[in-house]
Amino acid sequence: NILVDSTGQPKILDFGIARIGVAVVEGAATETVTGKLVGTIAYMSPEQLGGRSRDLDIRSDVYSLGVICFELLTGQLPQDITDMTIPQAARTIVEKEPSRLSAINRSLRGDVETIVGKALQKEKERRYQSASDFAADIRRYLSDQAISARPTSTFYQFRKFARRNKSLVGVVVVALAALVAALVQMTIDRNRAIVAENEATESAALAMAAEQDARREAEQAEAVNAFLVDIFSAPNPQVSGHDVRVADVLDSAKGEIATSFADKPDVRVALHIALGNTYFGLGLYEESDAEFVAALETAREHFGEDHEDTLVAMGSLGHVRATRNEFDDAERFLRQAYEGFEAAMGEDSRRALVAANNYAGLLRRMGRNADALPIYEKNLAVRERKFGADDPDTLASMNNLVAIYEALKRFDDAEEILNRLLPGCRKVFGDSDPRTLIVTHNYAVFLEGQEKPEQATPLYRDILKTSRSVFPEGHPQTMAAIAALAGNLWDLKRFDESTPLMQEIADNLWPDRVDFDPPSFNPTYGDLMYHYAMFGLADACVEAGDVACVVANLDQAIESMKRLPEEQQWRMGRIEQFYGESLRRLGRLDEAKERLLRGYEILSEARGDTDDVTQLVIGSLVRLFEEMKDEQQAGEYRKKLTDEKATDQE
1 NILVDSTGQP KILDFGIARI GVAVVEGAAT ETVTGKLVGT IAYMSPEQLG GRSRDLDIRS
61 DVYSLGVICF ELLTGQLPQD ITDMTIPQAA RTIVEKEPSR LSAINRSLRG DVETIVGKAL
121 QKEKERRYQS ASDFAADIRR YLSDQAISAR PTSTFYQFRK FARRNKSLVG VVVVALAALV
181 AALVQMTIDR NRAIVAENEA TESAALAMAA EQDARREAEQ AEAVNAFLVD IFSAPNPQVS
241 GHDVRVADVL DSAKGEIATS FADKPDVRVA LHIALGNTYF GLGLYEESDA EFVAALETAR
301 EHFGEDHEDT LVAMGSLGHV RATRNEFDDA ERFLRQAYEG FEAAMGEDSR RALVAANNYA
361 GLLRRMGRNA DALPIYEKNL AVRERKFGAD DPDTLASMNN LVAIYEALKR FDDAEEILNR
421 LLPGCRKVFG DSDPRTLIVT HNYAVFLEGQ EKPEQATPLY RDILKTSRSV FPEGHPQTMA
481 AIAALAGNLW DLKRFDESTP LMQEIADNLW PDRVDFDPPS FNPTYGDLMY HYAMFGLADA
541 CVEAGDVACV VANLDQAIES MKRLPEEQQW RMGRIEQFYG ESLRRLGRLD EAKERLLRGY
601 EILSEARGDT DDVTQLVIGS LVRLFEEMKD EQQAGEYRKK LTDEKATDQE
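Our numbering numbers the first residue of the sequence shown as 1 and each following residue consecutively.
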């Protein structure tokens, strides 16, 4: 919801739930992209996730700015919440440390990493104490001055680590269990897929071969698991006297793979892939890349270019290269994996379908939508034929295809898929699952974009109903759902329904409910949503012809705006514009003139005449003077317009 224009000015586009523009119904076959949940959970601070507005202050906004800064620098979020339920995502943000910038891009280590790391501290006391402090450190860095932030000490990291775990040995066991469980589950899933496909179409000889493969893989998994047990059992931090991290253990283990399994190349490949996946999960992409390269080289040497292990390593390497924005290499590896799996296992095998989807996802990320389209269309057709419309991966393919159709402006095709996708998600995942909620919201936004807002209304109602059942009263997610529905009803001029919703937002987000610190206060998402609600309430009053109601609501909004620091006072000009426009619509032209001129003075001085918000107030002044039959004044302000459409906006 934030764009930057050609002058470098950031603009907030929407105060409701953001449009999700990437694949969000994710399963084994979805593309390798960062996932998002409903609303803005990925940008919430740990203290925000409890939904207790009284606990929030400017430092919560500093955390959100830190997430945005991290994303701008790396192209990804600090924490991967792909495929997580809302509680799991919240727990991840609250409990787990974000990725380090230098793990993604080594050129960002040093001061940049320290600045962003300070903004993303779990405890708000350890963050920058205001947005201006955050900005000041960035300016110091840009002017080659010493920054105020300091890297987090090893001792502090150790204390946090110890508090979160009963013992360091316990941490090692948990990490080991996760790796072992992942390997075992991968083996089970793979064996099930082999058996399921062979039962229907393969001969007895092939079924026997599959059974032998399964036995070999079980032996391989057992060897891998035993190795992992050994490496995670070896370190004892009480003896070594320093922090023992999972990454340290993995680093020490890499050299043992070749010697311990010299005669078992299949085990070496599996271990390199396991370590690569673990490094990737830790955000150590360079180390992950090296392990996948080792896996690929070993598999090629011993099994050949077309072997399944070679293709798996190739796909894994393509994934990490894409994450590192090395798109040429990523495209080559993912394409080879896709073509290799189709040739070796058939286009309707799950391996080939996953590889095809990942390759198409990369093409889409590179902006090659026309190239990705036939792959996505074929992927969906095969999945529906072989696994049915209710298979989770089939639904994922539908969602991917909708996004491509929208990007290519094939809206009728997109709507046809959406009409099948939403009922499918409700049936398979349930109404309250994040994947269902996101598809519901995307469908509603799609309908509004197609000028069908009345069809979007029941979808927004469904989202709000679920949000109320999941989140506590006043939670930001619920407020965002209320705002989305209220905005939809407002656009439809159904003020009797939108007004109570706007009032609920105002009641929950009224600044006096929070103990603000005026010197460091900065507008937050909630504050902006509050003013949006006050606009909605005032607009309903205008429609009812109730001048006193308009004055009461907008006077209250102006009073709350006085808390803003000097650099944010331009927002007062926007309220004055809305105030004046409302009075003009009520026929109170002299009072409207006073408000609009005051709004223009504020906005022109703060942002210039060509700014979009300033253009709004100029357009209002043109309309006002035309109604007052003052053509001279109307003409003067009309000359200041850069877009004649501004006179049509209220």
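In short, the hints are calculated from the structure, not lab data.
Take these hints with a grain of salt, some might be off.
Capping the alpha-carbon separation at 27 Å, the derived lysine-lysine pairs in BS3-like fashion look like this [what the hints assert, rightly or not]:
no. : residue 1 : residue 2
1   : Lys378    : Lys409
2   : Lys465    : Lys409
3   : Lys562    : Lys493
4   : Lys465    : Lys427
5   : Lys452    : Lys465
6   : Lys452    : Lys427
7   : Lys639    : Lys629
8   : Lys378    : Lys427
9   : Lys452    : Lys386
10  : Lys629    : Lys562
Hints, one by one, checked against the model:
no.	hint	result
1	Lys378 to Lys409	holds, 19 Å
2	Lys465 to Lys409	violated, 31 Å
3	Lys562 to Lys493	violated, 30 Å
4	Lys465 to Lys427	holds, 17 Å
5	Lys452 to Lys465	holds, 21 Å
6	Lys452 to Lys427	holds, 25 Å
7	Lys639 to Lys629	holds, 17 Å
8	Lys378 to Lys427	holds, 24 Å
9	Lys452 to Lys386	violated, 35 Å
10	Lys629 to Lys562	violated, 34 Å
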